[in-house]
Amino acid sequence: MDLFDIVTQQIANSLILGSFYALVALGYSMVYGIIKLLNFAHGDIYMVGAFIGFTALSLLVGFLGDGWLGISASLILSMIATGFLGVGIQRLAYRPLLSAPRLSILITAMGVSLLLFNTVMAATIGEYKAFETGLGFEGLDFGNIHISYTQIVLVLATALLMVALTLFINKTIYGKAMRAISIDMDACRLMGIDVNKVIALTFFVGSALAAAAGVMAGVYYGSIHFFMGFIIGLKAFTAAVFGGIGIIPGAMLGGLLLGTLESFGTQLSWIGTEWKDVFSFGLLILILVFKPNGLMGRTEIERM
Amino acid sequence: MAILEVKDLTLRFGGLEVIDTLSFDVEEGGIVSLIGPNGAGKTSVFNCLTGFYRANAGDIRFRNESIMSLKPHKITARGMARTFQNLRLFKQMTVIENVKSGMHCRTREGALGALLRSAGQRREEAEIERVAEECLAFVGILEHKDRLARNLPYGDQRRVEWARALATRPKLLLFDEPAAGLNYDEKERLIDLIRRIREELSITIFLIEHDMGLVMKVSEKVVVIDYGKKIAEGGCAEVQSNPKVIEAYLGKEDEDGN
Amino acid sequence: MAANDGSGAAVARRTGLAGVEDRLAAFFDDRRHRYAVFAALILAGLLVPRVGSNYTLEILTNSFLYIVLCLGLNIIVGYAGLLDLGFAAFFAVGAYSTGILTSTFGWNFWLAIPPALLFTVIVRVIIGAPTLRLRSDYLAIVTLGAGEMIRIIARNMKDLTGGASGLIGIQRPSLFGLELNQISHYYYIFLALAVLAVFASDRLEHSRLGRAWKYVRDDEDAAEAMGIDRVAVKLSAYIIGALFAGLAGCFYAAKMTAISPETFQFMQSIMILVAVVLGGMGKIAGMVVGAMAMVLFPEVFREIGSMRMLVFGLILIVMMIFRPQGIWPDRRH
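Residue numbers (our numbering), protein chains in the order written: chain A, 787 to 1090; chain B, 115 to 372; chain C, 529 to 861.
Worth double-checking, as some hints may not be accurate.
Cβ-to-Cβ under 8 Å is the rule here; a few derived chain C residues that face chain A [what the hints assert, rightly or not]:
#1 Leu662
#2 Ala674
#3 Ile680
Hints are computed from structural coordinates only; laboratory data are not their basis. Where is the CB? At the ideal position from N, CA and C, for every residue including glycine.
When you get a sec, could you build the whole thing from the sequences and use the hints?
Structure, rendered in structure tokens:
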């Protein structure tokens, strides 16, 4: 493989990795933007989404097959179910603590994370599950490199979800309410906005996007397991901070950039794949130190 | 002699000039007030003086040395203390613990001293305790010393803040709206306290205040700013009759000033 | 919750669980009562090896280790108000430094302690210093990432650390000619460490430095205005807290004779933090209770096996909703 091949291959890898990061990062960013909660359980939501999609596919496979039709149906089912799971968690665990100290709600999020993680671990006896699909490896060939149709479809699906989200945030009344609440929740209450409903909706959308990423990751990597959410949770948070937490386009950009940096970074011989995670965390620390508001965040005036 | 000299101080937030080439002096041993309509930039001036904001241009000289590039804690250590417009007590701590914070920059024992409880450390703790009690007695709330700060009535919480600032052993004390939220009696006691701080402790006082009655009673000099610019400076009577000041307050000065 | 505002009169009126709690708190407000109970606990602790089985000793030794770790993290989270999700990293640095110095370089265990603590401080400063100005939730994620980095480095630097399978053959130390190789030896050592940690925490908390930590926790700006260098104060909390963990790590390496990166993974950091929060941040007695609860919980619930962490997550959520201040919280009057 020559340099051109490596670069093309890594661009393809970046896009797909970046898509997963961006979708999960969006959930982090939206929830943080609206209630300033670092939703620790978000990576586990992604994992649960993957398992719901897996279960849905194994049930639907008899009717819809294991091709794109079955996968799309499972994906949508998983998004809806996981969305409601997110709303339920918000209702039971986070809402009572909205006015509590930040640490209490963060610890609660850890509790939720433990709960989800261990429930799935108990249910799967800690085993990997093969996410079997009938998609195969056909695709486009560019010289030495091969890009499968699966990769292309997944990236396109991500793009579609992002466009839909952007329209939702910018064009609907609920999107406007979300943006307003993130600026001043109390003022919104006074203006008669049903704040709890909008927060619930935010959790629904964020969780559904994470579920979509989870199912796609299952389809792409071919297997899922109960601890798949931990590392991606951290990475997605990095991506969200990278782009500017609380800013929707920032999360998208941050996800894609992190995917790119990681794909190319690990190609450098002195980094290598086993140092991949160190690379990302090191990057996170650097960003926070030098540009804590992220790429798209406005610099706050330092004041008391 | 001036203890504090501000020269051409300028502060910008974005494109907005919050403070615009502001110059004035605070004479050692004086009581000087900074007044101006809401949003004139008074608290911003305080924040620049105490190092919380980094001014864009100009110079601030305190006791003949520039303090423009110093961090807040270094400025406090040099002898300038402040109170806050909105109470900023350490709410989960007792009154005396709050006041002890002021002694931090005047003492030096660290972890090792604490672990070994050396003679020097015990002596220093006793000294901190003594000074804190002295300051509490000075503002008149010594009897509440072991209560949690957040459980005191508002007026007394203000006094904890004053005691805390006094415990830093300042040469210059900055009060940011000390009378806000106080009732008539409490304001009278505040006026008395401000005078006693100057007379008994020989501390220079610089204050921001909205209550014109109080300002006119205690101040020897008044600096008036509007839109970050100085519009008048001088004695109380002089400033009160200045047409620019009257204009800035839109006649409000009339009802407050009498 | 409601138990938060118990003034003298309210104490007398309240009955039931809250009343018991108030009376207990009043009892422990008296310094002499506190010392008496503490002395009785130490005495009981010294007598346990005469009657307890090896299993009991093992469990108690672990809980003493946890007390040291919790008290260390309490300095950072409880006193200084800095969230740290990667605390196990410093435990790891202490353990690995001791392990490498004694097994690879053949150092005497006791001589290895000072450099191990020095390494702990160096790593702490490298991770801590750049992050001190960050918002609390950013701090959480950075410390988490940094903690994981330490573990991954331990896993990847195979020549030095033995990689994923870990470091084996760490020498047993000896004390006055006696080789420390019995569980009861380590029981006494960790009991001593825990007592020392309680003692040190108490003295630090009621000192100039301890107060400075709390000032910064309560209101950074006001603390700064009072002449407190918040960066230096936070860094000192970081370093002293990490030293507790580093020291615990040294003795842990000697006790286990083998260590692996998995001991120091993210979950370990979370467990320590959870013990701190459950016990009641900022309260030394709370740390002892929290640490004991955390070690005993899995033992008591051994029956339900892997489900116990699930139950644990639930307890955490319920606890945060109904009693966010912890089992034995700080300052009730």
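Evaluated hints:
Contact between Leu662(C) and chain A, as hinted, is supported at the beta carbon level, the nearest pair being about 6 Å apart and thus within 8 Å. The closest approach between the C-beta of Ala674(C) and any C-beta of chain A is roughly 7 Å, which is under the 8 Å cut-off, so the hint is satisfied. The criterion of a C-beta within 8 Å of any C-beta in chain A is met by Ile680(C), whose closest approach is roughly 5 Å, and the hint holds.
The structure meets every hint from the earlier list without exception.
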